[in-house]
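The hints should help you fit chain B onto chain A, whose structure is shown.
Protein chains: 2
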Amino acid sequence: MKKILLTCFFIIVSNAWINAQELKSPDGNLVLTFNLNAEGTPVYFLAYKKKEVIKESRLGFILKSDIKMNKGFQIAGTQKQSEDNFWEPVLGEQKKIRNQYNELKADLIQEKSKRKITIYFRLFNDGLGFRYEFPVQDNLRHFVIQEETTEFNLTGDHKIFWIPGDYDTNEYSYTTSKISEMQSLMYNAAHVSMAAQTTIKNLAAQTPLMMKTIDGLYINIHEAALKNYPAMCLNVDDKAYSLSSHLVPDAVGNKGYIQTGSFTPWRTIVVSDDARNILVSKMILNLNEPCAFEDTSWIKPVKYIGVWWEYFTGGGSTWAYSDNQDVVIGATDFSKLKPNGTHGANTKHVKEYIDFASTNGFDAVLVEGWNEGWEDNTAFKKERIYSFTKSYPDFDVKDLSVYAKQKGVKIIMHHETTSSASEYERQLPDALKFMVDNNYNAVKTGYVGPIIPRGEHHDGQQMVNHYTYIAKEAAKHKIMVDSHEAVRPTGLHRTYPNWFAQESARGTEFEAMEGIHPDHTTILPFTRLMGGPMDYTPGIFQGDLSVYGSKKNKLSTTLAKQLALYVTMYSPLQMAADLPENYMRFKDAFQFIKDVALDWDDSYILEAEPGDYITIARKAKGKQEWFVGGITDENPRIALIDFSFLPAGKSFTATIYEDGKTADYKSNPQSYNIRKVNVNSKTKLKQKLVASGGVAISIK
Amino acid sequence: MKKILLTCFFIIVSNAWINAQELKSPDGNLVLTFNLNAEGTPVYFLAYKKKEVIKESRLGFILKSDIKMNKGFQIAGTQKQSEDNFWEPVLGEQKKIRNQYNELKADLIQEKSKRKITIYFRLFNDGLGFRYEFPVQDNLRHFVIQEETTEFNLTGDHKIFWIPGDYDTNEYSYTTSKISEMQSLMYNAAHVSMAAQTTIKNLAAQTPLMMKTIDGLYINIHEAALKNYPAMCLNVDDKAYSLSSHLVPDAVGNKGYIQTGSFTPWRTIVVSDDARNILVSKMILNLNEPCAFEDTSWIKPVKYIGVWWEYFTGGGSTWAYSDNQDVVIGATDFSKLKPNGTHGANTKHVKEYIDFASTNGFDAVLVEGWNEGWEDNTAFKKERIYSFTKSYPDFDVKDLSVYAKQKGVKIIMHHETTSSASEYERQLPDALKFMVDNNYNAVKTGYVGPIIPRGEHHDGQQMVNHYTYIAKEAAKHKIMVDSHEAVRPTGLHRTYPNWFAQESARGTEFEAMEGIHPDHTTILPFTRLMGGPMDYTPGIFQGDLSVYGSKKNKLSTTLAKQLALYVTMYSPLQMAADLPENYMRFKDAFQFIKDVALDWDDSYILEAEPGDYITIARKAKGKQEWFVGGITDENPRIALIDFSFLPAGKSFTATIYEDGKTADYKSNPQSYNIRKVNVNSKTKLKQKLVASGGVAISIK
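Here the protein sequences come in this chain order: A and B. For the first sequence, the UniProt record's numbering begins at 1 and goes up steadily by one. For the second sequence, the UniProt record's numbering begins at 1 and goes up steadily by one.
Hints were generated in silico from the structure; no laboratory data involved. Nothing false has been slipped in among the hints.
The list makes no distinction among identical chains, and a pair is therefore deemed to hold if it is satisfied within one copy or across any two copies.
Straight-line distance between alpha carbons at most 30 angstroms, and here's what the computed DSSO-like set of lysine-lysine pairs gives:
#: 1; residue 1: K472; residue 2: K390
#: 2; residue 1: K336; residue 2: K476
#: 3; residue 1: K478; residue 2: K433
#: 4; residue 1: K390; residue 2: K227
#: 5; residue 1: K300; residue 2: K433
In isolation and in its complexed conformation, chain A is listed as follows (with noise of 0.2 angstroms):
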């Protein structure tokens, strides 16, 4: 029986064999063409607006050990399909998604070894996503994928916003240059003191991968739907201008772990002659599954003040409880270390940052050091740092609960893991019943430095696994997730709705140690956050640091685009992170924190060219009320704001906040000045920014 269904199989298998394929996307602006090279190599091409965005480029794997699976195909057979619909995230920045493409299916065969493999090509208005299906077969079960061979070959020297290829990090500051420059750029751009670094030897860069060619073209790459694989960093050749994938390895250096019946990632092309679209587009979030839970009811935007710039100012605030460093989780008794005398996570100082919260309308308060082992807490070298469910003796887990919440504020849980992930898991199940024990529905992890297990790295198959292992065990739990210094997002806030806000890039604590570029919050909405939320953690009033202490870290920004930041950084998880104080300081510029929304009915973007400018509108959710944020680099501009977003035949009130007069983000960041304008569907702003400024609107 087994012979006569191979027999049939061959039949099908000549009479299929069939020459390129073509796929238009919906508006027939982008035209994939997918063929087979002369050696068997799936190859593609991708064209816009009848110009070339990708050259030929030739897809598969190379598996351990050296078994091609990127030569000797043939086409076993082709399918297409189209879909047109909307669905509507939880959280978002607009309130419905069409998700409508055309799609072809290649069902590719090896003649000699009988290996199939799959590739979906989805072409949607806005861009290409493409994905590898291994089916269940007679001759492949388990696989370790040694590379995967996937090219992304350019038509010339692109401009491109990058940062340094790393398997630990992605905490650098971008670096704009055309890419025959990056290689005599790479050595500034990857020599930065980073907790866990682990820089691709040979020339790479990261995703999402934002380039503009020299007519003006917008390609940005990254991938949708990181599940069970490892990321994908790109190899650069600079003299031939492709860019090919480079996985993320494992401790033995495996590249991906595999059983048949599964699917890469989608790898994800971008496309538009206007940079708008780019941050308009909407196809990573396509390309992910679903929402995997049924009840999302308890999925919340957030509002939160925290302790934890202060341990950042300089000012003496310590995460740790005593000076002791040789405590030990487990057998030090830390009620009996002498305190000292500066834990900020202090039962009353906690109270008053509720109190703050409660007055001023915040959801929360993140509480970063209120758990043992704070004073040792040194990466690598010891699996068990910190206990997840044992509060230093100065913060009364049970007193600041009932406190919370009879101010109608939540406190966020913080799980600083220091990349211990072992040890994290091993408390996880005790952790989380400790939330849910003193009424917390949020947690910020952390994984500062080298993973545990050792060799893995960050943004690996294993840790992957991890960080989404932690999102839907919370989830069970009905907790909400942001995690810092974890591997980049790929939408998966679609399929996981709870994972709802993430680091993985520069924040603003850079500004209080190594520093940030003005350029650079221009550039993370075409990168970064092409992938998903970013808790940036912006709102700082008090730049320069030296008030505080020994620091001297002066700000990178105005006063003025701090606020604008709450607008153009889209994310439903949103702090104001400077000190309390500094809020009362400036009252009026603080109103518009207050104010702004978290979730969005509409996002309009105005204004967008990556490195330079952001201009972006949102309507808030299920109210008449907009919100305009406008940032510009280290050059002082004038932005012009449309108005048209705004229904037509009425009149609003809109607040700008804008940077004043003598504003200078070096020498005057506080400078700002409030003024109130009648607009409407018709008003055309010319909005001043000075270098590094901002404009931020509320509009009622």
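For chain B alone, kept in the frame of chain A given last:
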């Protein structure tokens, strides 16, 4: 203040400079000398009855990267103390154990770096134990061990009973040779088929390592209390007859992550001029910490049968429920798979085992293959291989739980992890709850194949911590643990008596695979069993597997020797491994297995020579019952059984299970004879054992 303290300290140092220290065992037979050599390296010598046992041997560490903690030391102070008391193990070979030793503690400090180390030597009448302490100190908190540099310099080309040094398996056959012959024998010793194997490249062996000098001194080297540290193999210098520590590395080649304020395991040297004293020694237990649990009433010896041997016989029984290997835990609906009809762990069949256990007085039935995942249990390639809470459709957990309870029998849980330790830890809380809910009180764990987290080894620090973690978590649920393929034991069953047995050596299963040498079980008590009880699973009556099908394996012992193993191989967990039908064919011989005790008031090593023969008598705990086991290697012999262990002045009936006159382990293993004789404390029995034969005696 700090400075003043430091000054005081230096004065102490200079005052405390002292010369070689001598320590004697309580009976004066063993003498340890400790000193620093000219390089400031700590060294020790060991003599027994004025003969050198260990020549000058160096101690210390090399820390990463190349930091010498093995020279430049001064002695900051020494201290002596003694202890002599008795303690009672929960389960054991004797009811009371005497802990009698003299201790020398030497505090060392490196002149330049001010790094401190303390060495403890404990000299018992039966041997030496020493360990390192890394005290809390100013200049050292965390460090990585590059290598431990402990030496055991031998006095000559001893006879040695060895298995190859390996990071992942201890299931080798033993080779008996001179040290100088090891290199030439290594290829054959190491080149055998193992599921996971990482043989050390240089000449190395594993502990417990048994040796015999040319003048009849027996030396056993092992370790005690292996916690949060990698296992120690021994490099062998076959020219200088020197052994040195070789710790098992982790995934990135490091050999231990240490925080000061901690101790290494004890390095143990058991010495005697009478081989029997090696087996009598309880030094390794004495060096372990007392029991960590307050309530131990739930820890009981277990005699069991199991749905197990039928998977090895070639009779067609399978762990897997179906033949569909494309299963995915969590995604596959196993109830929809086509059953293969050979699944061993089905409700009806398990009930037959329960009936047999109940009828014949067994405590428990092990059931392997009860849970989802066996169809595709490939090691290393997938993380999630099994469910530990979902049974196959034909294994009715609730029904069997009720049935077993009615019959007064426990079912032993089986957790084969196929070494996916990370996934096992994820499932552990649910798996433990599942056991409690369904009336299981013991689990057999398994670690076949290479470890996940990938790159880690079975015997490295992380897995050492894993096994202990499992034992401790199980204890919280009053569950006993029998681990297979784990690191070999080091007496931790004193501290965690629920971890009551392990495999960790070549056990009976190999009789159905690559085979077992006739001398194997005469060596194991001198090697593997020095660390703790072994779940050897004896009791095979039908040793010719050709009766079941295509297998040609033949047992390496006579039937009588199989009986004797219940006494010679101490374990509070003993299996009757053969199929019930075979026991029904030899009911009279089976009676010994039914009768034999598992827990003892006292044990008497009557005769012993490693590699040749062992005869042991034991008194059942709290009963006037004695059992004797005697075995021999490939040579027939006359065992001389001295019954002076019996109380004087009384006569007893001894039932002797002996090799039949025509018995031959190759051609006629099932020939045995049972006779009854009267014995008293003056009886001296000359008992004939055929080649690879044995004798078992029960006395009431």
